[in-house]
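Asker: The primary structure of each chain is shown beneath.
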Amino acid sequence: MAGKRTVLNRYRLRLRRKRLLWRAFRSRRDLTPVADRTASVTQEQILLFSTVRNEMMRLPWFMKHYRALGVGHFIFVDNDSDDGTAEWLAGQPDTSVWATASGYRAARFGMDWLTSLQRRFAPGHWTLTVDADELLIYPGHDNCPLPDFVKRLERFNQKAMGAIMLDLYPKGRPDEHTYLPEQNPLDVLPWFDAWGYQVQRQARMGNLWLQGGPRARCFFADDPARAPTLNKIPLVRWDRAFVYVNSTHNALPAWLNETWKSHGGVAASGVLLHTKFLPGTAERAAQEKARREHFQQPEAFDAYYDALIRGTDMWEPGSARYTCWRQMVDLGLMSELR
Amino acid sequence: MSLGVVMLVHTAFDRAEEVARHWRASGCPVVIHVDKSVPRPVYDAFVSALSDLADVSFSRRFRCEWGTWGIVAATQAASEQILQAHPGVRHVYLASGSCLPLRPVKELIDYLAARPRTDFIESATTADVPWTVGGLNAERFTLRFPFSWRRQRWLFDRYVSLQRRVRFRRRIPAGLVPHLGSQWWCLTRQTLTAILQDPSRADIERYFRRVWIPDESYFQTMARQYSTHIESRSLTLSKFDYQGKPHIFYDDHLQLLRRSDCFVARKIWPHAQRLYDAFLTDAESAMSKTEPNPGKIDRIFAKAVDRRVFGRTGLYMQSRFPRDDWDSGVTASPYSVFQGFTELFENFEPWLARATGARVHGHLFAPAGAEFADNQTSINGALSNSAVLRDYNPEFFLTNLLWNTRGERQCFQFGPGDTQSVNWRIAKDPNAQISVISGAWAIPLFRSNASFADLRQKAATLQKTESEHLNVLRSAWTKARVRIWTMAEFIEAPMEPLQTVLDEIGAGETRRLAEAPRMVDLRGFGQFLQNLKNQGMHPHLMGDFPVDDLPAHQPPGRAAPRPYLVR
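These protein sequence lines are chains V and D, in that order. Per numbering that gives the first Met the number 0, residue 0 is the first one in the first sequence, and the count goes up by one each step. Per numbering that gives the first Met the number 0, residue 0 is the first one in the second sequence, and the count goes up by one each step.
The following block holds chain D by itself, in its conformation from the complex:
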């Protein structure tokens, strides 16, 4: 048989046994290495469980601690044993107890038979790999690592920093170019024997014993010395999570693993019964000649890792509660806040809904209760417009609304008359698009019929509130996209800012505005402001209005100069 398998096992012996039987069923000789730290009775039980199989043997045991030489020593011993005992073996496949063949072994054998001179070993120079977690890259080969990273972390760290301080550098044996790569390889007899019978093997070993994680570098480096044809990739599909731990495959990864077309995958959760059932029944399936394609599932894994590290943005729940200033976003999707627009335009809300297709609410933070779009009393039933409920936790009112309406752009009105408790939250939210026409709060006052003393009082309060809000929006911590126009500035050329804001919301297509919202009649507004001033209350947020009638008070529309687009 041309393929031999070396299995490194330290746990989940029943699964290892199943897999060994599976390899054996296709005629592959198997040499198993069991970690020395496995107690004798367990080891004996495992050996006797497999004693009925011919061509399954056990190699000399070494203590395999992660990151140490033991794993390489174990691999060497087992490889020597398999090459010696089975002269027909042309390729040796290094696997672990938690590896699972995904495709019929026959396909792997055929695949290798078609490539008799090829060594499949991932092997890259240190400068080129971004994999290493924890900062030790080239230093793996130039420092000494006598301490265990798992058990003697303190000494490990101290010793590394000491060596860095004294600028210690090891000499790399002449002719060697350090390479790194996945521990799981498949080498030809030719290459493997050349490595094992290297005349200077003792020297090289002495060097690699003090290299950090030699199982990812010894064979990878040596194969470069002797191989005639290296395919720098592993035939074993293995993924690492964001902590650098191997990713574990569970039952629910069944379809994913099927689609990968890889020959072997690791690590498999020992309790993933469905996976073992599915892949160890060596189906007489039609021989597929497909190339392994781990790339197919890379994307899905990247997504899963992202989701674990960053969670779902905008979701607050019992297992996700980002701190206030966590900058990956506090809300689930972009939204728009308009301040002063409903005051200036008579039909702003329906117009905006028509122009953008977004859901346009009134003042969500109005003191009397949230003004949802279409006068609804609640959104999807569960978020009521009650002011009590909203003010109990206004930030959550907002994040909740946005989480539960994701997929549909939300717009709402805001103003100095509203509850101001969420100002900071919105200002710091990169999802927020805030457009303010400052001073527009004066328009309702101007148009109202109240006594002037009251108006004066009200105007003073509103101006103070809005001014504080604007300070928030202009602060250095603000991450929202903020646009502030004074009212005077805005009505000079209202279409241009409107177009800009809409383009930003715009779902893909940029349309030229067909119709403009209707501006309220501002005749006499300048005089109204002057009256306030005469009463000692100086309204300044709206900019400079002439006392006599405005030149641009007439509503813009078809007659108005054509707005130009800002992109």
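In isolation and in its complexed conformation, chain V is listed as follows:
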């Protein structure tokens, strides 16, 4: 059930998709190539797309993680970093980098830029679209690299895979800890909420809407409707007609959002380990609050930013400690294909 089946709704979504593609097409002018190694991309490779800004702390482990999963080529858009992110990325052999100084919010939170690059390079490839603070895991990721895993998905006719964004947090305030680049973020952030996630279906585009986790618990207890959206569709076998709508939470055409089974069965899904709460959270929150480049209505989230800046201990006795992907399957946070 990909969205409401009325002709009118389908036509609206089609127009919307076309408009988003057009926006992406126009945004190509914002991008200047820093390092373009896309000529080396081969047919079977998995591509990863990401927009980054000042991510030097997270990128070394990020690259290590996704290389280990078998990502073949990384395509980054650097949005005006001043900590050397662009230069560092440009020095990586399997990476292409574009730079832009334009507004993040004006470019649909970077999606316009990525869409234009995806339309150029991704058709026919299995494509990952993630942020620098998101580490994808899936059932068997430790001995079944992505190129094999996507073949399994294809066998089950799955053309996209959903994942829940799992907020990891430390015990104590984030800034009490230290994190060294290239260190596994899980050493610092081993805790997560094992449950309490809720799912609704959004009729218009037919995607699920997952909410919950420590941020909903600590920052949005009075207004759960505003709690962060946790559903994502990071892994898609790309086609030039595809476009992400709201971050990677949903996509068009609407059938892409059908990442689940409605008749009691189950599809494969993964988990995006969210490393937002590494040390430095407060500083970053202060910057983001001032820049006003995040969220549709940044004003409504001032209290959230203030709480982040103050630093909140999200840990509580019920918190669970991350061990491995099997734990995620047991808890029902992700599902395997057998």
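Calculated directly from the structure, the hints in this document are not laboratory data. From the three backbone atoms N, C-alpha and C, an ideal C-beta is built for every residue, glycine too. Don't take every hint at face value.
[Claimed, not checked] Pair by pair, the computed Cβ-Cβ distance ranges are:
id : chain 1 : residue 1 : chain 2 : residue 2 : range
1  : V       : Pro32     : D       : Gln272    : 34 to 44 Å
2  : D       : Ala475    : V       : His262    : 16 to 26 Å
3  : V       : Ala202    : D       : Trp476    : 14 to 24 Å
[What the hints assert, rightly or not] Straight-line distance between alpha carbons at most 25 Å, and here's what the computed SDA-like set of lysine to any residue pairs gives:
id : chain 1 : residue 1 : chain 2 : residue 2
4  : V       : Lys17     : V       : Asp93
5  : V       : Lys170    : D       : Asn136
6  : D       : Lys266    : V       : Gln157
7  : V       : Lys150    : D       : Glu394
8  : D       : Lys244    : V       : Lys170
9  : V       : Lys158    : D       : Pro245
10 : D       : Lys266    : V       : Arg154
11 : D       : Lys266    : V       : Asn156
12 : V       : Lys150    : D       : Asn403
13 : V       : Lys150    : D       : Ala11
14 : V       : Lys150    : D       : Arg273
15 : V       : Lys63     : D       : His270
16 : V       : Lys260    : D       : His9
17 : D       : Lys238    : V       : Asn156
18 : D       : Lys238    : V       : Lys63
19 : V       : Lys260    : D       : Lys244
20 : D       : Lys427    : V       : Gly264
21 : V       : Lys158    : D       : Arg150
22 : V       : Lys150    : D       : Ala277
23 : V       : Lys150    : D       : Lys427
24 : V       : Lys260    : D       : Tyr391
25 : V       : Lys150    : D       : Ser36
26 : V       : Lys150    : D       : Gly66
27 : D       : Lys244    : V       : Leu152
Start from chain V and add chain D according to the hints.
Answerer: Quick look at chain D alone, frame taken from chain V:
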């Protein structure tokens, strides 16, 4: 050498090469058939890769489309070739490129040498097999199938229905009894040559060419004609998933395959490096004489298929979101809802917890916030008692609670004063056990000190709400186990219903209740109801109470008549 191998290959040539070398290393001659649709250069590369091996040859190529005659033709040609070229071969094993020997080939050879006259071919009459997916059973043999199921599905379906409409039936060649079975067999030279040299082979072939999936029936039927001793089972372990596609084995099936004690398994995922590493190193292991035992892993597979088709009941996540009315259950485990019990009994919750060992919550849907057991503010940390969070999505509050406490029976109180938004969800849930003492909401009013006008108002609202809820519980869509007593009916003999409810919860043992919960003092309750009536508000849900004092108002206990068990 007594065992020859026929391999049908159409893809994953590097794996096929490894397996061919493995067969060859134990001295088995191998004849390989490569699908005609494989491009010439690929075929040539494959042939030259194996050119260093003696006794590995390639047979005439046929186009092998699933469900068509080509596969049988390929098997025939390759079998003829191997029988002719290797007179020492006594058994021919039919394998595919994605088959993997699980036990040392020597063990298979010894096994067959000990059974020189036995044909291992799964072969059953159509009436007896439940395997066929898609409804074509006996009709495989009585209709004609000239169209490809894969490429010309529309024509295929139309032609089948046309033949059904005109009652077309093919004549089965005289003497043949159609049999079905796994495509992968191991036949003796005697049987195989008899099949291949059948005097009427041309006629029989003409018949089987238009049979649906002849590779599962040609040899299976013919072997019945000639074999002296058929063991109706395949030596190749192969599983089918719920769609009828062959199940694929991955790295994580390593231990499972080891335990199966089968000689050969299919299909193996070409990228399952660990499986190939583990099984193709022909260990000099002690010869085990164990019989193949695919049954060992059948159960595990049945479970996996179930899990894929039905998922894990009660789990809602980004890849599982059953629709409301999906009747395999909305919650993860059975639970109990009690309505009116805490009102009638003073110490009901602790008593119930003692009697059943279950986790007993208060009113989970109380307007002020969920009343978790032991006054906890959250369950396992993540599910808070905040009314805002709960009412944001009450159905998920419930399914979440039950998913995350599975293994421990959950009980909670409910009443007309609570949020009513989950009534339908609970009523339609087969896991729910709902016990209602209707009208018990009047007891707190009766015992309260509020002004009568307010009480009257409140009573009217509560009665209306409960009455609507009872309508839900009595509706035709209700799947929960529902028991409703009026209050008058209940206090007549309270132990009997309590015992029934508890027995249903009871973890195995049925205990006679040692102690009863303490009933509140109901003296004057009849008068209270009468007062409401006098004010124009007619309470009817509690049944008929006499205006004067109740005869059975005294608390039941040791003095009360012994309850009898209802089983």
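Asker: Decide, hint by hint, whether the structure agrees.
Answerer: Status of the hints after comparison with the structure:
Judged by the Cβ atoms, the range 34 to 44 Å given for V/Pro32 and D/Gln272 holds: they are separated by roughly 38 Å. Taking 16 to 26 Å as the suggested C-beta distance range, the pair D/Ala475 and V/His262 conforms, at roughly 23 Å. Checked against the hint of 14 to 24 Å, the C-beta distance between V/Ala202 and D/Trp476 comes to roughly 23 Å, which is consistent with it. Simply put, V/Lys17 and V/Asp93 have alpha-carbon atoms about 31 Å apart, too far for the 25 Å limit, and the pair is violated.
A C-alpha spacing of about 62 Å is found between V/Lys170 and D/Asn136, which places the hinted pair above 25 Å, so the restraint is violated. At roughly 20 Å between alpha-carbon atoms, D/Lys266 and V/Gln157 fall within 25 Å of each other, so this suggested pair holds. Distance restraint check for V/Lys150 and D/Glu394: the Cα-Cα separation of roughly 36 Å exceeds the 25 Å cut-off, and the hinted pair is therefore not satisfied. Proposed proximity of D/Lys244 and V/Lys170 is contradicted: the alpha carbons are some 48 Å apart, above 25 Å.
Proximity of V/Lys158 to D/Pro245 is assessed by CA-CA distance (about 21 Å); at most 25 Å being required, the pair is judged to hold. About 13 Å separates the Cα atoms of D/Lys266 and V/Arg154, which keeps this hinted pair within 25 Å; it holds. Restraint check: the Cα-Cα separation between D/Lys266 and V/Asn156 comes to about 18 Å, which is no more than 25 Å; the hinted pair holds. Proximity of V/Lys150 to D/Asn403 is assessed by CA-CA distance (about 33 Å); at most 25 Å being required, the pair is judged violated.
Between V/Lys150 and D/Ala11 the CA atoms are separated by roughly 14 Å; this keeps the pair inside 25 Å, and the hint holds. For the given pair, V/Lys150 sits about 17 Å from D/Arg273 by alpha-carbon distance, which is consistent with the 25 Å threshold. Restraint check: the Cα-Cα separation between V/Lys63 and D/His270 comes to about 23 Å, which is no more than 25 Å; the hinted pair holds. For the hint linking V/Lys260 to D/His9, the alpha-carbon distance of about 33 Å lies beyond 25 Å, and the restraint is violated.
Restraint check for D/Lys238 and V/Asn156: satisfied, since their Cα atoms lie roughly 19 Å apart, inside the 25 Å limit. Simply put, D/Lys238 and V/Lys63 have alpha-carbon atoms about 38 Å apart, too far for the 25 Å limit, and the pair is violated. Restraint check for V/Lys260 and D/Lys244: satisfied, since their Cα atoms lie roughly 19 Å apart, inside the 25 Å limit. Under the criterion of a C-alpha separation no larger than 25 Å, the hint pairing D/Lys427 with V/Gly264 is consistent with the structure, at around 19 Å.
As the CA atoms of V/Lys158 and D/Arg150 are separated by approximately 22 Å, the hinted pair is consistent with the 25 Å bound. Distance hint between V/Lys150 and D/Ala277 is fulfilled; the C-alpha atoms sit about 22 Å from each other, no more than 25 Å. A threshold of 25 Å between alpha carbons decides the hint, and for V/Lys150 with D/Lys427 the separation of about 39 Å lies outside it, so the pair is violated. Restraint check for V/Lys260 and D/Tyr391: satisfied, since their Cα atoms lie roughly 24 Å apart, inside the 25 Å limit.
A threshold of 25 Å between alpha carbons decides the hint, and for V/Lys150 with D/Ser36 the separation of about 22 Å falls inside it, so the pair holds. With a C-alpha separation of about 24 Å, the suggested pairing of V/Lys150 with D/Gly66 holds against the 25 Å cut-off. Pair hint D/Lys244 plus V/Leu152 holds up; C-alpha atoms about 15 Å apart against a cutoff of 25 Å.
The structure is inconsistent with the numbered hints 4, 5, 7, 8, 12, 16, 18, 23, although it conforms to all the rest.
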